[in-house]
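> Protein chains in written order, with the numbering used here: chain A, 1 to 411; chain B, 1 to 465.
Treat the hints as calculated values from the structure; they're not laboratory data.
Please note that a few of the clues may not be correct.
[Claimed, not checked] In silico DSBU-like links for lysine-lysine, alpha-carbon gap of 35 angstroms or less:
(1) B:K74 x B:K61
(2) B:K240 x B:K354
(3) A:K281 x B:K240
(4) A:K346 x B:K74
(5) B:K465 x A:K346
(6) B:K454 x B:K434
(7) B:K392 x B:K462
(8) A:K346 x B:K392
(9) B:K354 x A:K335
(10) A:K346 x B:K38
(11) B:K313 x A:K335
(12) B:K465 x B:K61
(13) B:K41 x A:K140
(14) B:K374 x A:K346
(15) A:K346 x B:K240
(16) B:K374 x B:K353
(17) A:K281 x B:K211
(18) B:K313 x B:K240
(19) B:K374 x B:K211
(20) A:K313 x A:K335
(21) A:K140 x B:K374
(22) B:K38 x A:K335
(23) B:K41 x B:K74
(24) B:K374 x B:K392
(25) B:K83 x B:K28
(26) B:K374 x A:K313
(27) A:K346 x A:K140
(28) B:K41 x B:K465
(29) B:K465 x A:K335
(30) B:K61 x A:K140
(31) B:K61 x B:K83
(32) B:K313 x B:K211
(33) A:K346 x B:K454
(34) B:K211 x A:K140
(35) B:K374 x B:K41
(36) B:K462 x B:K41
(37) B:K240 x A:K140
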Amino acid sequence: MRLRTPILALLLLPAAHAAAPRGDAVEWTLNDVCPAGFALEDGGCRLRSLYRGLDSLQGAGVGGPQTGLPPLREGFSPQQIDLGRLLFFDPVLSVDGSLACASCHDPERGFADGLALSPGVNGLQTGRSTPSLWNVGFLKRLTCAGRAPTLEQPAQGPLFAANEMGNSPERLAESLNAIPAYRTLFRQVYGGDGTIRAEQVYAALAAFQSTLVSLNSRYDLYAAGFHEALNEREIEGMNVFRSFVARCAECHTPPLFTNQQIAVIGTPEPEGRAFDPGAQKIGGDASQRGGFKVPSLRNIARTAPYMHSGRFKTLREAVAFYNGGRGHAVPPGEKLSLHWHIWEPKLAEREIDRLVDFLQTLTDERYTPQIPARVPSGLAPGGGGLPQETTGGPAQGATAAAAYRTRIEEN
Amino acid sequence: MKAILRGLLPLLLVAVAAPLSAAEIAVKDGESIQAAVKRAKPGDVVLIHPGQYRESVYVDKDDITLRGVVVEGKWPTLDGEGKRNDAILYSGNGIVVEWLKIVRYKGNGIMGQAGNNFAIRYNVIDDAGVYGIFPQFGQNGVIEYNVLSRISDAAIYVGMCDHIDVRNNEVFGSVAGIEIENSRHNLVENNYAHDNTAGILAFITPGLPIKTAYDIVIRNNFIVNNNTPNFGAPGSIVSKLPVGIGVVVMAADDVVIEGNIVSGNNTAGVVVTDLSFITDIASDPESEPNPDRTKVLDNLMFDNGADPVAEVKAAMLSQFSKRGPDILAAPGSAQAPDKCIAGRDRYTTFGVKKWADCGAAGTANVRSHRLAEKVAPRTIANDEGRIEHLYKGICAGCHAYNMRMIGPPTIALQAQYEGNPQGIADYLANPMKKRVDFPPMPPQDHLSPEVRLKVAEYLLNKVKK
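The task is simple: from the sequences and hints, build the whole structure.
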């Protein structure tokens, strides 16, 4: 390494905080550097992305390849984000110390868990398939049925749901306050005497989750004008995707591949399971029966099985659903106000294959955060026993990211 | 000025001529338009000579003109043969599509996805699927002098757009002639909408990501004999349109209807309604359902309502008439006094009793709803711009100039790799772990070798404090 000036040498010196070995009970220090893709600006971490500088009609963050993003929850401090990361992987958040957020939202599995329904505490099960958390900081409406308006809220759902983490706000604060390392870390972020309040936990988790950004896929390079990033088949698939025959882009609208609306599309439940009323359960409006939030399709190749029920094991099955005809999977006797874009596109088998090719170009896990080697509670990060069963095969285009993760772990 | 030019095609053509620097790329019968688009650079004109073109064309670049060359009545025709999806898809800014025949597609004739500053004109589009011309998420465009027929939804559909003029088009034999939906600042002028199920629509449709529609002028159109039985696809919104209506204003605000000739529409000339007009659709609490401040100024309306649909017939019976009206305000907010009408006694009406009388003011001052200045170009104009954009969008997310971020500072990388951009390019494809105190760098193997080299050169030569 040739250095020209002593200043350069200084710049290359490791920052002090990084010298402290992770997981050392006495030396817990939070990262003072923003996570990948974020740069410190006005005291907070702000996203750098290929979409910076682009605008969108009415600021809605929907459009075509050259459209700006919807507003991101950003500007959190590096320390708050890092605290959120430790909490996210710490099973101390669940009532019996068995489950972390990462148990269901596993970075190894696209921040989902590869299961149709996820096991919660006490041998219970979640009611819906775990959604990915990639790009969740852009969403203005969270959970499958759009129940929660802010990122702080869905965290409380699983934290306190009996069939998920089974905790209570009081117990949560109590168990965290009993861990001196957490008190130190919360004091670093929030000041005060370090007494931990549940709201601070939600906020730190929100800060961390909003840094899970995936916007550097090969598709994004195409959108930025590097047309060679996609091959002929993938471009053909993209054109089917945005065509008015398949109409995928009408709901899964770029740049996030969701228009953030609720839509009634009539996907089937697995054999023997009761019909899920979705959005109807929230507002009580019968016309929204069976309505679900249009999910983002980013990293979709990594998050089988698909739909709120996890009914479809492969991406191809999920895509082929749309070719089955309007309402073909609606149980007899159910009356649904199906969305007008759900029709009979009569796509050729070849076109379905191309759609699947295209969806695989939306994979980008380069900004996967580091999985902490240890968490302050001393429990196994991620709850140890992450579910083993996966339904999807290894996704194309994810190999580089997988190799990268392997290296993180070795690190 | 514009009013004087209107209809003078030869004069307009002079204005249309390409800038001097632009290259012309000729496409002849038997060749591929798409291949020409691939070669084209911003500013270029693709000249499509008469012939049959059996393809779908997509344009993800800025400032490209697709111009048909019509020779003694022989046109270039894009033919979907009933099996292709869309004829033309574009996402770039400044796209012009003109002088083409488009037939037999399954999806759309011409579809824009967030392209601004567009012009779509002099096209003849028949049986081209769901929509004939459909700009979506676009700003500042004009759709003029097109003839469209036999389209199974709207012949011209302006969806979620701002500042669009739709004028001098003929639309017929379709379910909806012209539909302005969830869009703002639109002028619909001098069109001939006839023999559709309904002529011209100004709609808010619930469940779309952009929620409003307002400031829409529907002026000087011929809206005649729109009595074609509804052949919309089952489940589509337009499939729910009652047959025989000239103009429908559903939930859209500040719509002005002025100077139109509206006749021979068998249910009603003009219908103003809230969202309950369309049933069996999931409700959307974020869509404001009421049509506010509709203005019906001077229009010529006669012979509407000869054979109204059942609901309208029932309503009219309460007024002792079997005919539908020229103007119908549906029960609910459409009948509220924030609307106005000029010369109400000339028309047969239903439900407009509470509407105010409009003052003298018409829309003569509105010449166009396009913007005075074009929407600014996007950040990426050329290859160099693209590389800069790439560096700032990807690399700068981990490398700052002289500060440690996730990755080491650029100033250090510049020293380390001085004169060796290829070294960086190679590293990017397969970065191995180097520094103990940094995490590994994720591979940038989604960048092609050429792009890796260019971005390396950019890092070495261009990145400064």
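> Hint by hint, say whether it matches the structure.
Each hint tested on the structure:
Proposed proximity of B:K74 and B:K61 is supported: the alpha carbons are some 29 angstroms apart, at most 35 angstroms. Between the alpha carbons of B:K240 and B:K354 the distance comes to roughly 28 angstroms, so the proposed pair stays at or under 35 angstroms and holds. The hinted pair formed by A:K281 and B:K240 meets the criterion: a straight-line CA distance of about 27 angstroms does not exceed 35 angstroms. A C-alpha spacing of about 33 angstroms is found between A:K346 and B:K74, which places the hinted pair at or below 35 angstroms, so the restraint holds.
A distance of roughly 55 angstroms separates the Cα atoms of B:K465 and A:K346; the hinted pair therefore is violated under the 35 angstroms criterion. A threshold of 35 angstroms between alpha carbons decides the hint, and for B:K454 with B:K434 the separation of about 23 angstroms falls inside it, so the pair holds. Taken as a hint, the B:K392 and B:K462 pair is honoured in the structure, with Cα atoms around 12 angstroms apart against an allowance of 35 angstroms. Simply put, A:K346 and B:K392 have alpha-carbon atoms about 42 angstroms apart, too far for the 35 angstroms limit, and the pair is violated.
Note on B:K354 and A:K335: the hinted pairing is violated, with a Cα-Cα distance of about 38 angstroms set against a maximum of 35 angstroms. Simply put, A:K346 and B:K38 have alpha-carbon atoms about 29 angstroms apart, close enough for the 35 angstroms limit, and the pair holds. Simply put, B:K313 and A:K335 have alpha-carbon atoms about 29 angstroms apart, close enough for the 35 angstroms limit, and the pair holds. Simply put, B:K465 and B:K61 have alpha-carbon atoms about 32 angstroms apart, close enough for the 35 angstroms limit, and the pair holds.
Of the supplied pair hints, the one linking B:K41 and A:K140 is violated, its CA atoms being roughly 38 angstroms apart against a limit of 35 angstroms. The suggested pairing of B:K374 with A:K346 is violated, with an alpha-carbon distance near 39 angstroms, which exceeds 35 angstroms. Of the supplied pair hints, the one linking A:K346 and B:K240 holds, its CA atoms being roughly 22 angstroms apart against a limit of 35 angstroms. Under the criterion of a C-alpha separation no larger than 35 angstroms, the hint pairing B:K374 with B:K353 is inconsistent with the structure, at around 43 angstroms.
Using a Cα cut-off of 35 angstroms, the hinted pair A:K281 and B:K211 holds, with the two alpha carbons roughly 23 angstroms apart. For the proposed pair B:K313 and B:K240, the alpha carbon gap of about 17 angstroms is at most 35 angstroms, so the pair holds. For the hint pairing B:K374 with B:K211, the CA-to-CA distance comes to about 24 angstroms; that is within 35 angstroms, so the pair holds. At roughly 26 angstroms between alpha-carbon atoms, A:K313 and A:K335 fall within 35 angstroms of each other, so this suggested pair holds.
Under the criterion of a C-alpha separation no larger than 35 angstroms, the hint pairing A:K140 with B:K374 is consistent with the structure, at around 31 angstroms. In summary, the hint linking B:K38 to A:K335 is not supported, as the alpha carbons are separated by about 48 angstroms, beyond the 35 angstroms threshold. A threshold of 35 angstroms between alpha carbons decides the hint, and for B:K41 with B:K74 the separation of about 28 angstroms falls inside it, so the pair holds. With a CA separation close to 26 angstroms, the supplied pair B:K374 and B:K392 stays within the 35 angstroms bound.
Under the criterion of a C-alpha separation no larger than 35 angstroms, the hint pairing B:K83 with B:K28 is consistent with the structure, at around 23 angstroms. The straight-line distance between the Cα atoms of B:K374 and A:K313 is roughly 48 angstroms, outside the 35 angstroms bound, and the hint therefore fails. Between A:K346 and A:K140, the direct Cα distance comes to roughly 33 angstroms. Compliance with the 35 angstroms bound is thereby established for this hinted pair. With a C-alpha separation of about 32 angstroms, the suggested pairing of B:K41 with B:K465 holds against the 35 angstroms cut-off.
A hinted pair counts as satisfied when its Cα atoms are at most 35 angstroms apart, and B:K465 with A:K335 does not qualify at roughly 62 angstroms. Under the criterion of a C-alpha separation no larger than 35 angstroms, the hint pairing B:K61 with A:K140 is consistent with the structure, at around 31 angstroms. The straight-line distance between the Cα atoms of B:K61 and B:K83 is roughly 26 angstroms, inside the 35 angstroms bound, and the hint therefore holds. Of the pairs offered as hints, the one joining B:K313 and B:K211 holds, with about 32 angstroms between alpha carbons and a cut-off of 35 angstroms not exceeded.
With a C-alpha separation of about 43 angstroms, the suggested pairing of A:K346 with B:K454 is violated against the 35 angstroms cut-off. The suggested pairing of B:K211 with A:K140 holds, with an alpha-carbon distance near 15 angstroms, which does not exceed 35 angstroms. Taking the CA atoms of B:K374 and B:K41, the gap is about 20 angstroms. The hint holds against a cut of 35 angstroms. Annotation: proposed proximity of B:K462 to B:K41 holds, straight-line Cα distance about 25 angstroms (limit 35 angstroms).
At roughly 31 angstroms between alpha-carbon atoms, B:K240 and A:K140 fall within 35 angstroms of each other, so this suggested pair holds.
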